[in-house]
Structure formats: C-alpha cells, structure tokens
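From just these sequences and the hints, can you work out the full model?
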Amino acid sequence: MKYNKMIKNSRVFIFAVLILTLFSAGSGMCAEPKKVAVVPFTMNSAQDLGFLQNGLFDMLSTRLSDPGKVVVLDRETIDNAIQKAKTSGKIKGKFNESKARILGESMGIDYVLFGSLNNFGDSVSLDTSMVDISRTKPTITFFKQSNNMGDVIPMINTFAGDINLKVFNRNIANELYARPQPQGPQAPGALQDAGQGTRGYGGGFVNLQQSGQKGFQTHLKFKGQINAIAAGDLNKDGTVQIVTATDYQIYIHKLKGNKLVVDKKLDFGSTNRIIALDIADINNNGFPEIFVTSLNIHRQGVNSFVLEYNGSSYKTLTDDESYYFRVVDGENKSKILLGQKSTVNPFKGDIFTMLPSGNHYEKDRKLIMPRSASVLSLAMGPVTSKDAKESVLINEHGHLNVLNDAGSIEWEGNSKFGGTGHYVLLPRNDTDASFQERIYFNPRIQFYDIGDDSKLEVFAVKNEEVGGGTLGKYKRFTKGSLEILSWDGIALAPVFKTRSVQGWISDFVIADIDGDSIDELIVSVVGRSKLLINVADQTSNIISYKLE
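Residue numbering for the sequence shown follows the numbering used here, beginning at 106 and increasing consecutively.
One or more of the hints may lead you astray.
[As the list claims (entries may be wrong)] Cut-off 25 Å, straight-line C-alpha distance, at most; resulting in silico cross-link-like pairs (PhoX-like, lysine-lysine): (1) 560 / 491; (2) 651 / 584; (3) 468 / 446; (4) 326 / 361; (5) 602 / 584; (6) 174 / 140; (7) 420 / 370; (8) 140 / 191; (9) 139 / 174; (10) 140 / 189; (11) 361 / 341; (12) 580 / 326.
For the record, the hints were derived by calculation from the structure and aren't laboratory data. These numbers come from a predicted model, not from an experiment.
Given below as structure tokens:
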C-alpha cells in the first residue's frame with residue numbers, strides 16, 4: 106500500500122511540475138514585447154536639420170526593433186503623446202530624464218529614448234539617454250563628439266548596440282553598416298575609396314583604375330584654357346565626339362587610338378565668352394543640338410546660341426539667347442533642357458524647362474527653386490530614396506543642397522564644392538567706379554550609377570583655392586578633384602574621389618568614347634596659373650577614368 110501511495114504521489118508531483126513548466130513556458134511565449142518611444146531629437150544648429158532629425162528616428166527605430174520582443178512606436182503616436190502632455194501641462198521646458206518618465210508613464214510604455222544633436226561649424230556631438238520607466242535598470246547615457254558629420258551614423262550604431270546588449274540582452278553584428286577597409290595601394294590619379302562605405306562595389310571599381318600606369322589616360326594636351334566639355338554622337342555615325350570650348354572657339358574631336366584629334370573647328374565672334382556646353386536631341390530631328398552658354402565680352406549679359414549638324418556642316422539654329430542652358434537627365438533616359446533667365450546676379454534668375462519652337466527654345470514650366478541657385482550646377486535625380494523626385498545643386502556659396510519636388514532644401518552640406526574661373530561682373534559701384542564685383546559660377550554636377558544596385562550617385566567637382574578663397578575678387582586654384590557621393594541616411598557622403606590634379610577642373614562628362622561598352626569619366630583640367638588671372642600661355646588637358 107505504501108508503495109502504491111508513493112507511486113501515486115510521484116505521479117501527482119510530476120504532473121504538477123509539468124503543468125508549472127508548461128504554464129511558465131506559455132507565459133514566456135505570451136509575454137508582451139517591450140515598448141519603446143524614441144522622442145525626436147533636439148537639433149541645435151545654425152542650419153535646418155529637420156531631415157537629420159527624421160533620419161535619426163528612422164535609424165534608431167530600425168536598429169532597436171525586434172519582432173515579438175521590442176516594438177518602437179511610430180512617429181505620429183509619439184508626437185501626439187508629447188503634444189497632449191504639453192497641452193495638459195505635464196511637460197514644460199527642456200526635455201530631460203524626469204520628463205521622459207512622465208511621458209512613459211502616461212503612455213504606458215517601458216522605455217523612452219531622447220537626446221540632442223549639436224552642430225556648430227564642422228563640430229558635431231550626439232548626447233542621448235535611454236530611460237527605463239520601471240526603474241529596474243539604470244538609465245543608459247551616451248555622449249560622443251567629432252569634427253565630421255559623417256561620424257553620426259557610427260555614433261548611432263554604437264549607442265544602439267549598447268542598448269540592445271545592456272537592455273534587451275541582444276548582441277547584433279550588423280555588417281550592413283560596416284565600412285570596408287581600403288583595398289591596398291592606389292595608383293596615382295586613380296579614383297580612391299573615400300572611406301565612407303561603398304556598399305560592396307568599391308574594391309573592384311578602384312582596382313580597375315589601376316590597370317594603367319597612372320590610373321587615368323590623357324587624351325589631349327591643349328595650349329589654352331578649355332572652358333567647357335560635352336560628348337555626343339553629333340553626326341549619327343555611331344561614334345561619340347568630344348566637344349570642347351575656349352572663350353569663342355569650339356572644337357569637335359574624335360578619338361583615334363588613345364588621342365583626341367580635331368575633326369572640326371568652329372570660330373565665333375571674339376565678343377563671346379563661352380562657359381558651358383551640353384549636347385542633346387531636344388528638337389527630336391535625329392541630330393543632337395549643341396547648347397552653348399556664352400557671356401558677352403563685358404561679362405555682364407548672356408549671348409547663348411545653339412548649333413546642329415545638318416548632314417554636311419554645323420549650323421547655328423538660334424543665337425543671342427538670354428538664357429543659361431543646361432541639359433539634365435529625365436525619366437527613362439530622357440533629356441530635359443533647362444534655361445535660366447539672365448539677370449544681374451546669375452544665381453537669382455528664374456529656371457524653366459525649355460521646349461523647341463521652330464529653331465528657337467521657349468520657356469515651359471517654371472521650377473520652384475531656393476534663392477541662390479544656378480542652372481549650370483543643377484541636376485535632377487533621386488537622392489534619399491530610389492523613387493524620390495529630387496534635385497541637387499551647388500549654391501552660390503559652394504554648398505551642396507538636396508531639394509525635394511517642391512523646391513525646399515532637405516539637406517545642405519558644410520563642405521565647399523565647385524569653383525571655376527568663370528564669372529560675371531556686377532554693375533560698377535557708384536562709390537568706387539573702378540571696382541566691379543565678380544560672381545563666380547560652379548561647374549556641372551551629374552547623377553550616375555557606378556554600382557550594380559541601381560542607385561544613382563552624385564558626381565561633383567571640388568576645386569581648392571589659394572588661402573581657401575581669401576584673395577578676394579580674384580580666384581586662383583591650386584588643385585582640383587572630383588568626388589562621387591551617395592546618400593548614407595543622413596547626408597550626401599563621398600564614397601570615391603579622384604586624386605587631386607594641379608590647377609582646376611573646368612568641366613566633366615560621362616560617355617563611352619572608345620566604343621567598348623564601358624563608360625568613361627572624361628575630365629577637363631586647366632593647368633595651374635602663375636598669376637592671379639588667366640595668362641596667355643595657359644594649358645589644359647583632357648583625361649579619363651574607366652567607370653566599372
């Protein structure tokens with residue numbers, strides 16, 4: 106009897122243990138995920154960093170979310186809760202840890218994350234806190250300072266990693282945001298990895314530049330200053346011609362072997378000062394037009410003109426046009442002609458899309474643009490996402506701007522880009538009739554996909570001045586380079602750049618000039634001058650890099 110009773114009691118005990126085990130397991134499986142509210146960061150900066158505030162929220166939400174375990178509340182829910190707390194008087198003044206607890210308790214959540222980003226000049230700092238509303242775990246704080254805005258992403262990665270490990274016992278090695286290491290020694294002049302992350306295509310791209318002795322090829326050495334360059338199949342013979350311009354001459358080149366040779370030289374009036382070229386078949390007659398942006402001899406007005414091959418020679422379709430012209434890429438590889446009306450200040454004129462009308466081109470739709478925009482340094486394309494309708498420009502002060510479809514600035518960079526020797530003269534100052542202020546133009550920028558991810562990068566010239574531009578009204582450049590930039594979530598950051606060349610880059614174009622189905626980056630380099638102004642014995646070179 107005792108034996109049977111012992112067996113019965115054992116069975117009851119085992120059954121009870123199983124029930125408790127299943128109940129505990131069931132409780133664990135049914136445990137609700139932890140809820141986190143990421144309060145929009147306070148942005149302390151002289152410039153509008155609303156885009157970065159949104160970017161920080163998105164990055165933290167992505168890095169902290171864990172399906173079934175951690176839920177990061179959406180932005181609208183958090184904004185509404187904050188507004189309600191402010192209206193009721195529960196939260197007043199600067200957001201801090203005590204106010205985070207008030208907000209968390211009112212929302213019935215587990216954690217509140219808040220912080221600030223401070224940007225003054227080139228300095229940037231991130232100051233953040235993760236508050237446990239139940240007070241079970243101590244508040245996690247993080248502070249980091251840098252002289253590079255591009256370091257914000259690594260800062261966020263570090264802080265998110267601390268939270269995942271210390272709060273949620275979750276150790277994540279996220280290779281998606283890791284920066285690749287340099288791919289070995291670089292060939293002189295070759296495109297270099299800028300160290301900002303290349304999404305996997307950087308190594309091969311850089312290595313291809315080392316196939317030659319210098320990483321680039323020189324196609325033309327020219328005695329004089331090449332002001333502008335363009336490329337296109339002008340006579341529809343299946344080959345790409347390279348068009349260059351001096352002040353009042355245009356040269357049409359063909360590639361023979363490795364050298365560019367002059368196929369046609371066109372002379373125009375010496376009163377012209379050509380500053381930009383573009384090629385596109387805007388009138389859809391089968392032969393691309395050459396759009397020539399030219400100033401008058403006094404550099405106080407615009408006398409642009411348009412050329413076209415008619416089957417036997419190059420003819421002028423229209424001249425004395427008061428527009429700065431620029432051709433930009435549209436959807437489905439289409440080309441769009443833009444025109445900016447001539448004004449006293451070339452950064453202040455209205456910009457329009459242009460349509461052909463006979464041999465002329467008339468304004469169509471006015472683009473909404475910020476003040477300080479020049480069509481000569483404007484390109485259209487997606488930046489922050491693949492489907493975004495956006496534009497990029499270099500403003501009058503040499504800063505890159507990303508614009509949305511409504512023409513508002515979504516992002517403005519701190520680094521200085523652009524810079525050329527081309528300028529207009531403002532009307533003489535009444536108090537000093539001998540002085541005329543100069544307004545300098547910036548070179549073109551362009552979208553192009555250098556990888557295999559169908560994401561467009563931005564190509565932009567960076568010419569560096571003597572003394573950082575402290576010489577006043579005269580610009581003298583010491584060296585130039587071309588940077589390739591990509592959106593990293595918060596900013597346009599460089600992923601590649603060419604080695605610096607002596608002098609300055611006046612223009613560039615992307616085309617397959619040798620017919621091998623691989624595009625080249627073709628760059629016009631003006632040699633470094635000995636004087637502050639251009640001299641008669643100025644020299645220029647056209648060089649190219651393979652884009653693969």
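Quiz item: Honestly, which of those hints from before does the structure not fit?
Solution: none
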